[in-house]
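First to last, the sequence lines map onto chains F and D. Using this note's numbering, the first residue of the first sequence is number 1, and each one after it goes up by one. Using this note's numbering, the first residue of the second sequence is number 1, and each one after it goes up by one.
It should be emphasised that the hints constitute simulated quantities derived from the structure, not laboratory data. As the structure is a computational prediction, the values presented were derived from the model and not from experiment. Every residue, glycine too, gets a C-beta built ideally from N, C-alpha and C. Be careful, since some hints might not be right.
[Said to hold, decoys possible] Where chain F lies over chain D, by a calculated footprint (3+ residues, C-beta under 8 Å): (1) 38 to 52; (2) 97 to 107.
[Stated by the list, open to error] Cβ-Cβ distance ranges computed for the label pairs, FRET-style: (3) 74(F) - 18(D): 29 to 37 Å; (4) 51(F) - 7(D): 31 to 39 Å; (5) 42(F) - 27(D): 18 to 26 Å.
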Amino acid sequence: RKEVEQDPGPFNVPEGATVAFNCTYSNSASQSFFWYRQDCRKEPKLLMSVYSSGNEDGRFTAQLNRASQYISLLIRDSKLSDSATYLCVVNLPGSARQLTFGSGTQLTVLP
Amino acid sequence: NAGVTQTPKFRILKIGQSMTLQCTQDMNHNYMYWYRQDPGMGLKLIYYSVGAGITDKGEVPNGYNVSRSTTEDFPLRLELAAPSQTSVYFCASSYTNPGELFFGEGSRLTVL
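Chain F with its partners taken away, still in its complex shape (with noise of 0.2 Å):
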């Protein structure tokens, strides 16, 4: 089982849509969680951290599921400037060598 999974998708939805993506991760130890957002052929960009008690900014919404180990990214109200990959990152305590990446699910926002 791979540390960080997610659906690499691509997710294809019209503008306005509300769309959900997962990511599980594997390790139980696991503390600090973050959504990053790569658009095409750019460097990632961090989105949001993930607390525990989830977290909102504006249209965008991550929960943290720590029993089922997984978090969440919804996106509310889609804007074709939403399309991009969105890279789940989990991190170890007490390393720096254990932050670690999901592969990103790609977000196309349609017209």
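Guided by the hints, dock chain D onto chain F, whose structure is given.
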């Protein structure tokens, strides 16, 4: 604000050649990282550094070397390039660990 600057952006190498990817950050971050990203794959950590003079191996260090003589610079050296090293290389830095990673624009390397 420059952030993290990588050079070169593109490079083609022949098998057996060597080269250095340069990485500089102007945010006074202690933590710096080198990742590689192959098509359809997640980023894999090559080497990282927690401060000047300290480096350590990541998940895929074979065929690479790094140095960290200053807080700002973290060059990645490829010795005896192989086709398997064809990839996009990203340098990143962070103020804390874990913390937000700030990435450079990437260096696309092709080994033929």
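Hint by hint, which ones does the structure fall short of? Number 3 only.
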